[in-house]
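Please build the complete structure, drawing on both the sequences and the hints.
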Amino acid sequence: MGDEARVFRAPKGTNEILPPRSWRWVELTRLALDTFSRAGYAPIETPIFEHTEVFARGVGEASEVVTKQMYTFADKGGRSLTLRPEGTAPTIRAILEHGLHRGALPIKLSYAGPFFRQERPQKGRFRQFFQVGIEAVGSDSALVDAEVIEVGSRFLEAAGARSRLLLNSIGHPDLNCRDGYIVTLREYLTARRDALAEEDRDRVDGNPLRTFDSKEEKTIGVMRDAPVITEHLCDACRKHFDDVQALLRELGIEFTLEPRLVRGLDYYTRTAFEYIAEGLGAQNAVGGGGRYDGLSEALGGPPLPAIGFALGLDRIALASGNADEAAPLDCYVVAMGERAATEALRLTTELRRAGLGADLDLVQRSLKGQMKDAARSGARWAVILGDQEIERGEATLKQLHSGEQESVALADVLERVRQ
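Just add 1061 to wherever you are in the sequence shown, counting from 1, and you've got the numbering used here.
Treat each hint with caution, since some may be false.
The calculated label-pair distances, taken between Cβ atoms and stated as ranges, are [what the hints assert, rightly or not]:
hint	residue 1	residue 2	range
1	Leu1318	Gly1241	17 to 25 Å
2	Glu1311	Ala1165	19 to 27 Å
3	Asp1240	Glu1278	26 to 34 Å
4	Val1289	Arg1225	14 to 22 Å
5	Gly1160	Val1424	48 to 56 Å
6	Gly1362	Ser1202	44 to 52 Å
7	Arg1067	Leu1166	53 to 61 Å
8	Phe1134	Gly1241	26 to 34 Å
9	Ala1165	Glu1411	44 to 52 Å
10	Leu1204	Ser1083	36 to 44 Å
11	Ala1297	Phe1134	40 to 48 Å
12	Pro1182	Ser1202	38 to 46 Å
13	Thr1128	Gln1183	18 to 26 Å
Here are the simulated lysine-lysine pairs, DSSO-like style, with alpha carbons at most 27 Å apart [to be verified]:
hint	residue 1	residue 2
14	Lys1137	Lys1073
15	Lys1129	Lys1073
16	Lys1129	Lys1279
17	Lys1073	Lys1300
18	Lys1129	Lys1276
19	Lys1433	Lys1459
20	Lys1429	Lys1459
No wet-lab data here; the hints were simulated from the structure.
Ideal Cβ positions, reconstructed from N, Cα and C, are used throughout, including at glycine.
Here's what the structure looks like:
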């Protein structure tokens, strides 16, 4: 046994997407980017790693993401780099670096890609995960908040992920409401520090808002009676929140007010929202987002109010079902004989060049084996070729669902499959 070759496994917490599930994955990614583009959100690609300071300054040095979850390493030049744990800070960094904010506002961008956090792996939560998202940068209007939330809701509906929208406002750190509320919340938590879960006690002095996001039962019990920020909003934040709600109602977007909803990163201001899906158990949030009006300044840029969301494709795929969709094939070409094998490759290539999905046997299986492959492929048609049929310039076209078949001239196969 000691001489056997080692079987390597993927790192713990990663999620490999294999066929046939990968077809559904590609479909969801394409659907997301198509949905976002119809609202004017242009795709952006940022590096898979950034200078660590982008996240330390943007996400917050005391945040759990920065202190416990980031994959950070030094490169050969001694620079501290981090695999991106989220997509908003890199997007703002790219906007500032390339001067996009000097053009028309708001800047509307979308993205899709892998992200990394060293969390405890569980169902629907991975250390390498895939997100799609949008960012609208350069406007503080409630109109933008409503548009962003509606775009996310529309994508989830199109994806078949039955979800409900939770909505809150967490005020603004540059206005009186956030600072005054933090004092009140810290006083409440300080008096109950010993009743909190041990890992949440440090948050009382650091970022007490984060205690609302705890998954520890002891802390959850304490937070049930905690004061909520919606009771402390200043007039400006209250009006903004009222305007967002009115616009969502105008768009027919149903939502539930959740005064204890906070987002996990320090840069959030005012509007915060989350999409909750059915049937996912404890990990039932498929994504969310909010406003982050001070992030540009934290990264050394000018004031650029902004809002966006990120949605986890891992959980959306679980919530939407249909995980085992087959490849999008129109036909599978079956060949019997050496001459037929050559003709099968030529015909398959012709079909593909015409924009149809086509595949064929490449390991010279028997007729029975090829027909099994054709059935497994999900193709609508099997095109059967034998040397004798080729002599006559014909092929047998079999409808795999019904079993009906007919003889078709080889020259007519393309048009017949199209029909």
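So, going through the hints one by one against the coordinates:
1. Leu1318 x Gly1241: 17 to 25 Å: holds, 21 Å
2. Glu1311 x Ala1165: 19 to 27 Å: holds, 25 Å
3. Asp1240 x Glu1278: 26 to 34 Å: holds, 30 Å
4. Val1289 x Arg1225: 14 to 22 Å: 20 Å Cβ-Cβ, so the 14 to 22 Å window holds.
5. Gly1160 x Val1424: 48 to 56 Å: holds, 54 Å
6. Gly1362 x Ser1202: 44 to 52 Å: violated, 20 Å
7. Arg1067 x Leu1166: 53 to 61 Å: holds, 55 Å
8. Phe1134 x Gly1241: 26 to 34 Å: Since Phe1134 and Gly1241 have Cβ atoms about 41 Å apart, the given range 26 to 34 Å is violated.
9. Ala1165 x Glu1411: 44 to 52 Å: holds, 46 Å
10. Leu1204 x Ser1083: 36 to 44 Å: Cβ of Leu1204 to Cβ of Ser1083: about 38 Å, so the range 36 to 44 Å holds.
11. Ala1297 x Phe1134: 40 to 48 Å: holds, 43 Å
12. Pro1182 x Ser1202: 38 to 46 Å: holds, 40 Å
13. Thr1128 x Gln1183: 18 to 26 Å: holds, 21 Å
14. Lys1137 x Lys1073: holds, 26 Å
15. Lys1129 x Lys1073: holds, 17 Å
16. Lys1129 x Lys1279: holds, 21 Å
17. Lys1073 x Lys1300: Answer violated: Lys1073 to Lys1300 is near 46 Å, above 27 Å.
18. Lys1129 x Lys1276: Given pair Lys1129, Lys1276 holds - Cα atoms ~16 Å apart, limit 27 Å.
19. Lys1433 x Lys1459: holds, 13 Å
20. Lys1429 x Lys1459: With a Cα-Cα distance of about 14 Å, the restraint between Lys1429 and Lys1459 holds, given a limit of 27 Å.
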